[in-house]
Structures are given as structure tokens and as C-alpha cells.
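Engineer: These protein sequence lines map, in sequence, to chains L and F. Going left to right, the first sequence walks through residues 1189 to 1301 as this note's numbering numbers them. Going left to right, the second sequence walks through residues 343 to 453 as this note's numbering numbers them.
Treat the hints as calculated values from the structure; they're not laboratory data. A couple of the hints might just be wrong.
[As the list claims (entries may be wrong)] Cβ-to-Cβ under 8 angstroms is the rule here; a few derived chain F residues that face chain L:
hint, residue
1, Phe-352
2, Tyr-375
3, Gly-384
4, Leu-387
5, Val-392
6, Gly-405
7, Tyr-406
8, Phe-432
9, Leu-436
10, Gly-437
11, Thr-440
12, Glu-441
13, Phe-444
14, Gln-446
Glycine is no exception: its CB is placed at the ideal position from the N, C-alpha and C atoms.
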Amino acid sequence: DQQVKQNSPSLSVQEGRISILNCDYTNSMFDYFLWYKKYPAEGPTFLISISSIKDKNEDGRFTVFLNKSAKHLSLHIVPSQPGDSAVYFCAAHFTSGTYKYIFGTGTRLKVLA
Amino acid sequence: NAGVTQTPKFRILKIGQSMTLQCTQDMNHNYMYWYRQDPGMGLKLIYYSVGAGITDKGEVPNGYNVSRSTTEDFPLRLELAAPSQTSVYFCASLGGATEAFFGQGTRLTVV
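Same shape as in the complex, but just chain L (with noise of 0.2 angstroms):
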């Protein structure tokens, strides 16, 4: 059962041009989503985040947008750059109870240049 997913395994985009990563969740109690950048043999790291009160959060080039009646978020990348050529992870989690933090399966970008 993928609580979390990330339909698209991969995406290629020109640079300068807006890269949009989706991710789709199941589970309603979710309460607070993440997007993670991977490149190969390094751990993931933080990118941005949204709680389930909002529906934007802005950092630079980046925006997560949450439709929460959709069980739906993505991540725009404007204007992308050859350095975000990596493997995006959403998650999620809830921030009270378990604290269980679930992944999707990700999507490969390539930022061509």
C-alpha cells in the first residue's frame, strides 16, 4: 500500500524553463509535506516544506503547492538549472501520534542544458 506517490519516475527539462514534479497521497491525516533532493551516493536533503494549513510556500526558485481536497502536491522549479539535475523525494507525515515519515518513490529530473 504506497501511501505516497510519485507517478512520474522521471522528467527532462531545457534550462531556464519551469520543471513541475507531482506527488500523490492516500492517507487524509497526513499533516505536513516535504520534497527532498537526492544526488547519487549522498543521503537526501531538505528542499521545502508545507503544512497541511497552507496551499503555497515560496524559497527562491522553489515552490510547493498543496491541494489538499486533491490529496495532490508539486514542486515548481523556476528557472531551472543544470545543479538541480537529481532524484526528488516527496513526503509526508504527521506531526502528532506516530510520527511516521513516508516517502514516494521519486522522480529523476535532468536539467538539460
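Chain L is already provided as a structure; the job is to place chain F on it using the hints.
Structural biologist: Then chain F, alone, in the frame of chain L:
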């Protein structure tokens, strides 16, 4: 500042052998997690802990055991290694309702 440290970085095990993957954090975080990442797959939660003395199963706990005797350490034990446990293992810690910090990973091959 070390953050989350995992040892070893690489290990080859024979089928049926046992080993312990070590994880320690120096941020005084209460919550710690073990994940595995198979090729082309996401991060699957194996076990997690909300504090010293408290552990719970994640999505894929079979074949593993954990303990949490101190806040800093959260070792993962494989008792009878199987080829299906070939993977990259990540340990993470969480201090509050924000981002988790990950170690560099342990690449395990069972032959």
C-alpha cells in the same frame, strides 16, 4: 557538526550472516528512522523510534530488528541476511515537525 553518522559505508555479506548497521546523531533529536532504497525505487521505512526505549515497525520490517537504548544511537540488526536485503540503507533523525536529517547511507550487498 557531524549530524547523522552511519557506519559502515559499504558491506558485503554472505547469505545467512548477520550484521549491525550503526547510526548515531549528535543533534539530540527524539525521532529516528531507518529506510532502505532499492534500485529505481523510493525510500521504504523499515523501523522508527520516537525516543529512547520506544521503537515501532514501518512499512518493511521483516528480517530486521532495532533497539534504541540512548537518544543518540539507533542500530539496525540483520539476523539472517538474504539477497532480498541487498539495498542502500539510510538512517535519519527528526527534531521537530520539520525536516529530517539523513546519513550518507550504507550500501549492503548480500551474496
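Engineer: Against the structure, test the hints numbered earlier, and report the numbers of the ones violated in rising order.
Structural biologist: 1, 6, 7 and 10
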